[in-house]
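J.: Single-letter residue listing:
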Amino acid sequence: MSARSEKPVIRRDGPALGEAETHRRLSLSWATPPGLWGWLSSVDHKQVGRRYIVTAFVFFLLAGLLALAMRMQLSGPERTLLSPDRYNQIFTMHGTTMMFLFAVPVMEAFAIFLVPLMVGTRAIAFPRLNAFSYWVYLAGGVMLWVAFILNAGPDVGWFAYVPLSGPQFSPGKRVDFWAQMITFTEVAALAVSVEIIVTVFKQRAPGMSLNRIPLFVWGQLVTSFMVVFAMPAVMVSSSMLIMDRLIGTHFFNPAEGGDALLWQHLFWFFGHPEVYIIFLPATGFVSSILPTFARRPIFGYTALVLALFATGFLGFGLWVHHMFATGLPHLGNSFYTAASMTIAIPSGIQIFCWIATLWDGRPRFATPLLFVIGFIVVFVLGGLSGIMLASVPLDSQAHDTYFVVAHFHYVLIGGAVFPLFGAVYYWFPKFTGRMLSERAGAWNFWLFFIGFNLTFFPMHILGLIGMPRRVYSYPAGMGWDGPNLLASAGAVILAAGVATFLGNV
Amino acid sequence: MDQSPRFAADLAHLPTSAHGPRSLTWWGTLGFILIEGAGFALAAAAYFYLMGQTETWPPGLAPPDWLWGTLQLVLTLVSLIPNLWTDRVAHADDLRKVRIGLVVMSAVGLLTLVIRAFEFGALNCRWDDNAYGSIVWLLLGLHATHLITDVGDTLVLTVLMFTRHVEPRRFTDVTDNCVYWNFVVAAWVPLWALLYVVPRLV
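Protein chains in written order, with the working numbering: chain S, 1 to 505; chain C, 1001 to 1202.
Keep in mind that the hints were calculated from the coordinates and are not lab data.
Remember, it's a predicted structure, so these values are computed and weren't measured experimentally.
Accuracy of the hints is not assured; some may be wrong.
[Unchecked claim] Short derived list, chain C residues pointing at chain S, Cβ under 8 Å: (1) Phe1032; (2) Ala1043; (3) Trp1085; (4) Asn1124; (5) Asn1130; (6) Tyr1132.
The C-beta atom is built at its ideal place from N, Cα and C for all residues, glycine as well.
So that you can see chain S by itself, here it is in the shape it has in the complex (with noise of 0.2 Å):
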């Protein structure tokens, strides 16, 4: 052949361009960009994700300080280290914290990270919009712990029922800065869904078809899509708060036609499905430790599956369950009931795949399956006073009483934080290069195990001998003394076991 037919080499891709080179080019490619502005700007999900857990958890321990200081003032009767303010704050900022900063964004934190890796992809769909839905969730954050500390912190609850947040009974900005916050969590919260379920839909490896995607997938693919319904909901609902308080709009108030109601009728539509959103995942964590640990293939992968549909469906049916002492109709009542004791069914197969795993395989009892099985302990234990609870004439009782938080804490802790412990010490490697001390990881689950039913079991009793929530004091010689300086000594431990985590990473 002459050299005038021969084709110019186009040193573009390929074999022409030699392996040195190539790898030159993929590392630039997908490279960090060097220096402060690199770090700021990076849109690898593996980055923002280590930075979306890292943030979760400082809200975790933000959160948890302020749950010591409640428990330091309800150690016993008429203590004054808090006023009634300061308290009113606190347990609005422990729990606005903890659904809103810690719990649904460190969910989404593991599923930014793994999810890419474990369907087989370079990135996650949407890498700038993944960037961005961190910076504006730290925004969210910073803004409402900034309002705490210059004493401007929502005080009306992490639920912000109106009339007590409206613009009657909470002026000045208190209520605006929640509002607004959940503006700006909920659109971080959106936005990564959207990413997970495009990533999971159009950039599996090919081979990977969704049968065969792991189940911690399968759970994240969920719960986005629970995100996806629920969330509009809040959004919604504190934009007519925020409306309602600042240009006077009267979605809320009866005297113009308003309701209150409807407020809790929207908020409980996102709520509840909340509730899910944060336990899924948690379910794909448990999904995931256990095989590796009980050193068998997980039990019922088909079961599992179609378990997080029916909890995906069926969450969106028990809104009402929170309010059945608000007086509405008891048909409505009666259907509430039945569907909130359905969605223990799903729970139940989730349970009972695996135990069967564990039952049929050769067990080592390292750190993540520690958590694991203090998480099926502290959740059925939940479940079974969720059942209690679905119960109109027992809620009726026990609706707002201790018996409430010793409920939901033994779901969400038990349901979310025992299994995203597991997932920190069986993944912190993947994160970061390093084990972490297994000795260290017993002292930190027996301590935190020991600590939660010591802190929120006699909480169960608290409310059912009639000691109301959110109650800054209580007055001597109504019996709630002893429990209450159980449940305190329990948080000691149960930070101590915090602590003891913090001291292993």
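Using the hints provided, position chain C relative to the given structure of chain S.
T.: Frame of chain S; chain C shown alone:
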């Protein structure tokens, strides 16, 4: 461990963008349509909920005037024709026709915003009159933000298509933008019925 790349195949000839479900942005758009659709549905549910709280609806106020809202309905429905045409020519990567389509859609979009401004004036209520006024302003405002979003997107795409920024993925952006406009129009049909027809039925 040797981490140097190994060549399995040369994929340089593959297209860098694709239309419809083969495009990530199409899926992302669909995701946000679901989110915003859920928002519309919940706001509409709030409308019916508030309606159930009063004996008369609208309470002590006249329903919105027909003219501007209905004109908006007609215009947006008719706009589906140039929108679908733009979508089709963008699929064919026909730059000249895409430019025409985008200019038409930009003009239509700007016109819908003008009409929307008149619609607010024809609601016969203020947002702070009562709960009815609050919810109709919320619904109309919610839809107005969608109009503004899509018109802004269309204008940017128009500028891009008339400047040096034309590249294959821009045609995909145009088709995704057309999908979103379909959603904005589809959302307006039930909202129009809610705002203009329902108050006259009860």
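J.: Does each hint fit the structure? Answer for all of them.
T.: For each hint, the structure was consulted:
Taking 8 Å as the C-beta cut-off, the interface hint given for Phe1032 of chain C holds, the closest approach to chain S being about 6 Å. Of the supplied interface hints, the one on Ala1043 of chain C holds, with its beta-carbon coming within about 6 Å of a beta-carbon of chain S, less than 8 Å. With a cut of 8 Å, the hint placing Trp1085 of chain C at the interface with chain S is violated, because the nearest CB-to-CB distance is about 28 Å. Because the closest C-beta pair between Asn1124 of chain C and chain S is about 16 Å apart, greater than 8 Å, the hint is violated.
Residue-level restraint check for Asn1130 of chain C holds (minimum Cβ-Cβ distance to chain S is 4 Å; threshold 8 Å). Hint status for Tyr1132 of chain C relative to chain S: holds, with the closest Cβ pair at about 6 Å, below 8 Å.
In this structure, the earlier hints numbered 3, 4 are contradicted, and the remaining ones agree with it.
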